[in-house]
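We have chain L already, so just place chains X and U on it with the hints.
Residue numbers (this note's numbering), protein chains in the order written: chain L, 1 to 114; chain X, 1 to 411; chain U, 1 to 117.
Treat the hints with caution; some may be incorrect.
[What the hints assert, rightly or not] Derived list of chain L stretches under chain X, where covered just means 3 residues or more per stretch with a C-beta under 8 Å from a C-beta of chain X:
id, region
1, 26 to 35
2, 40 to 47
3, 57 to 68
4, 100 to 107
[What the hints assert, rightly or not] FRET-style restraints, in silico, Cβ to Cβ:
id, chain 1, residue 1, chain 2, residue 2, range
5, X, SER127, L, ARG61, 31 to 37 Å
6, L, ALA21, U, ARG57, 45 to 51 Å
7, L, GLN106, X, LEU181, 19 to 25 Å
8, U, GLY114, L, HIS54, 39 to 45 Å
9, U, TRP61, X, PRO249, 52 to 58 Å
10, U, TRP110, X, ALA271, 45 to 51 Å
11, U, ALA102, X, ALA390, 44 to 50 Å
12, U, ALA102, X, ALA271, 54 to 60 Å
Keep in mind the hints are simulated off the structure, nothing from the lab. Heads up, the beta-carbon is just placed ideally off N, CA and C, and yes, glycines get one too.
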Amino acid sequence: MLRHCLPLILILAGCSKGAQADLPYIGEARSLAAEWASVNEQASRGHLTAQYVHTMRASVREQLRTSQKALSQPKSDYGEEIAALLKEPDSASPQQLLAHSTKLKQIEDSLESA
Amino acid sequence: MNPLEITLGIMTAVGGFVDISELVFAAQAGSIFGYALIWVFAVMTIGIMTFGEMSGRVAAVAHQPVFNLMRHRLGLKLGLVTLFASVVSTLITTAAEIGGVGLVLHYLTGAPYLLMAAVGALVLGASMWILPFKWIERTYGLLGLLMLVFAAALVAIHPPWDQVLGGFVPQIPPGLSEKELLKYGYFAVAITSAVLFPYEAYFYSSGGIEEEWGPKDLPNNRLTTTVGFALGSLLAIAILAISAQLFRPINVGPQIPGSSALEAAIPFGRAGLLAALLGMLIAIAGAAVETCMANAYSVSQFFGWEWGRHRKPWEAPRFTIAWIAFMVLALLIVLTDVDVMSLVEYAIVFSIVVLPLTYLPLMLLARDRNYMGQYVNGRLANGLGWLFFAIVTIAALAAIPLYLLTSGGQA
Amino acid sequence: MRPTDPIKLVADLLDLPIQDKEGRYCGIVDDVELSGSAGKEMRVAALLVGPGAYEGRLPVWCYWFVRKVAGDRIVRINMDKVNQIRSVVQLKCTANEAKLHAVENRARGWIPKGGAL
Numbered sequence: 001m002l003r004h005c006l007p008l009i010l011i012l013a014g015c016s017k018g019a020q021a022d023l024p025y026i027g028e029a030r031s032l033a034a035e036w037a038s039v040n041e042q043a044s045r046g047h048l049t050a051q052y053v054h055t056m057r058a059s060v061r062e063q064l065r066t067s068q069k070a071l072s073q074p075k076s077d078y079g080e081e082i083a084a085l086l087k088e089p090d091s092a093s094p095q096q097l098l099a100h101s102t103k104l105k106q107i108e109d110s111l112e113s114a
Numbered sequence: 001m002n003p004l005e006i007t008l009g010i011m012t013a014v015g016g017f018v019d020i021s022e023l024v025f026a027a028q029a030g031s032i033f034g035y036a037l038i039w040v041f042a043v044m045t046i047g048i049m050t051f052g053e054m055s056g057r058v059a060a061v062a063h064q065p066v067f068n069l070m071r072h073r074l075g076l077k078l079g080l081v082t083l084f085a086s087v088v089s090t091l092i093t094t095a096a097e098i099g100g101v102g103l104v105l106h107y108l109t110g111a112p113y114l115l116m117a118a119v120g121a122l123v124l125g126a127s128m129w130i131l132p133f134k135w136i137e138r139t140y141g142l143l144g145l146l147m148l149v150f151a152a153a154l155v156a157i158h159p160p161w162d163q164v165l166g167g168f169v170p171q172i173p174p175g176l177s178e179k180e181l182l183k184y185g186y187f188a189v190a191i192t193s194a195v196l197f198p199y200e201a202y203f204y205s206s207g208g209i210e211e212e213w214g215p216k217d218l219p220n221n222r223l224t225t226t227v228g229f230a231l232g233s234l235l236a237i238a239i240l241a242i243s244a245q246l247f248r249p250i251n252v253g254p255q256i257p258g259s260s261a262l263e264a265a266i267p268f269g270r271a272g273l274l275a276a277l278l279g280m281l282i283a284i285a286g287a288a289v290e291t292c293m294a295n296a297y298s299v300s301q302f303f304g305w306e307w308g309r310h311r312k313p314w315e316a317p318r319f320t321i322a323w324i325a326f327m328v329l330a331l332l333i334v335l336t337d338v339d340v341m342s343l344v345e346y347a348i349v350f351s352i353v354v355l356p357l358t359y360l361p362l363m364l365l366a367r368d369r370n371y372m373g374q375y376v377n378g379r380l381a382n383g384l385g386w387l388f389f390a391i392v393t394i395a396a397l398a399a400i401p402l403y404l405l406t407s408g409g410q411a
Numbered sequence: 001m002r003p004t005d006p007i008k009l010v011a012d013l014l015d016l017p018i019q020d021k022e023g024r025y026c027g028i029v030d031d032v033e034l035s036g037s038a039g040k041e042m043r044v045a046a047l048l049v050g051p052g053a054y055e056g057r058l059p060v061w062c063y064w065f066v067r068k069v070a071g072d073r074i075v076r077i078n079m080d081k082v083n084q085i086r087s088v089v090q091l092k093c094t095a096n097e098a099k100l101h102a103v104e105n106r107a108r109g110w111i112p113k114g115g116a117l
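Here chain L stands alone, though its shape is the one from the complex (with noise of 0.2 Å):
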């Protein structure tokens, strides 16, 4: 039994291995989506210049994309998180934004308990 579970064990601590090195890049993302709802929700008040807002959509949008890119799995659940965060528009609701945010911090926690 253990001999057919073996390749799936030592798959698995490699994943989990990859998942953890991809916590920093995690946590960067789930900072940077807040940073945007943040944008967002003070934007919508008109608290905020036309240049910053657009100055800092354009930086987060550049900082996810090279966490994406250092991510070593790109296809789990985190990096499909930090994909559909990407394909958010820049005006989009803070709350949508909260929400990836939420779910990456969440995944993050997960990981750091493991």
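Chains X and U alone, transformed into the frame defined by chain L:
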């Protein structure tokens, strides 16, 4: 004592306290650990007060800046090692500050970041050429008082003041995992480095010579380094506390320097955003000028060249060439498009490693009656000086392992 | 301290900055030249200033690098040109008279005169 001079000196110290490293690490520290790292800012501010006062006193009494006397105390070999390490760490810091200037101009205007970094460097260089020392210091220091918007923002968001004040008590938050403990340690070391940057001692002591301080200026020196640095530190603590209140609940651990400006935009709207961005711009620009000049001071003083902005640029030509070269080198680093946050991390880590070599000669000089006469260190200065020397030595030894183990605070 | 007083070479003299009679910095005491011999009275005959004076004070590889970058010139300052020695060595003459500002004067040619307040 001239009250106007004292007031201007204090205000300059306040406006010039925060640079991009403090901005970044204060915001991140607050978002990750809440108010639990306030005490590190407070304690290390006492450290910079101690060493700042000493370096100003040495300049006023011995009429020699720190680096001149450092070579005499450490000798040529160790002096060269210190010079090299301090030049490299300060150059990286200058690059981080110029990158920060470029970023803030980018947020303000929408123009490309690298272009804004180059424009910023050019404007800073022009200001260093045209303005004499006192005007350089006062211009950036006083305009940097726009950073007071963060203090106002903290009051406006009605934080839990009991928790903010509780943050001043040295602590390690309970229930942290091993990984979180390492991260907490890394942030404590990073804040230590950011507050006690070596360039501050070099710039401050050289500035004392530039302004021809004498023993009559010692009370001014004491007030500037205590009151000025204390108030400046409160600005950094305000940034941390706002981040704890606004960013932590929504899982923001600011990855982009521009997010700090949201701390003022949330309570004050567009006016707050603009004040914060302009304050950040001036504070970071001032730090870029200080670090660039600190490197030129260090090299000039080590090799005995004529130096100082109290002289016209052509009267101290090698000093002038040195600061221009450092500004250009720093800009070239920025133009490689290296991430500004990475530059900040490298600046922090490199600088803390140099700190013991910076502050040991200063301690030895300030205790030496042959140089200082009746103005030698008293018991308090000696006690605090050795205490903080021990702290920075421990922090210097821990910095690189903690950086690696926590992936620069990100793991 | 006067130049004729007993002196601790390392603690009191080596690596001190040098200022000329107008208060201008013009180098560091990179090495010293002694007169006399072992067992008899030794005197500091001259101060040696310049990268060439590093030769005995740095590892060979390090001095090789210094020579490549800065050359190996040495300027010799007779002790009779020294006024006093405190936290700085004060000369009785100007830097130009002591031939200590040659490089500084060459560098001045690169710096435009104008625009500074």
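Annotated coverage of the region 100 to 107 of chain L by chain X, confirmed only when three residues or more have a Cβ within 8 Å: It holds, with 3 qualifying residues against the three required.
Outcome for the supplied range 44 to 50 Å, where the beta carbon pair is ALA102 (chain U) and ALA390 (chain X): Check passed, 45 Å falls within 44 to 50 Å.
Residues of the region 26 to 35 of chain L with Cβ under 8 Å from chain X, three needed, outcome: holds (count 7)
Quick one: see if chain X covers the region 40 to 47 of chain L, three-plus residues with Cβ-Cβ under 8 Å. Since three or more residues must qualify, the claim that chain X covers the region 40 to 47 of chain L holds, with 4 doing so at under 8 Å.
Within 52 to 58 Å or not, the Cβ separation of TRP61 (chain U) and PRO249 (chain X)? holds, 57 Å
Using the Cβ atoms, figure out if GLN106 (chain L) sits within 19 to 25 Å of LEU181 (chain X). Because 23 Å falls inside the window, the suggested range holds.
For the pair TRP110 (chain U) and ALA271 (chain X), does the Cβ-Cβ distance stay inside 45 to 51 Å? holds, 46 Å
With respect to the beta-carbon atoms only, verify the hint that ALA21 (chain L) and ARG57 (chain U) lie 45 to 51 Å apart. Hint holds: Cβ distance 48 Å, inside 45 to 51 Å.
Is it true that SER127 (chain X) and ARG61 (chain L) lie within 31 to 37 Å of each other by Cβ? holds, 34 Å
Tell me if chain X covers the region 57 to 68 of chain L under the three-residue, 8 Å CB rule, please? Contact hint for the region 57 to 68 of chain L vs chain X: holds, 3 residues under 8 Å.
Starting from the hint 39 to 45 Å, judge whether the C-beta atoms of GLY114 (chain U) and HIS54 (chain L) obey it. Given a distance of about 41 Å, which is inside 39 to 45 Å, the answer is holds.
Can you tell me whether the CB distance of ALA102 (chain U) to ALA271 (chain X) sits inside 54 to 60 Å? holds, 57 Å
Violated hints for the displayed structure: none, as all numbered hints are satisfied.
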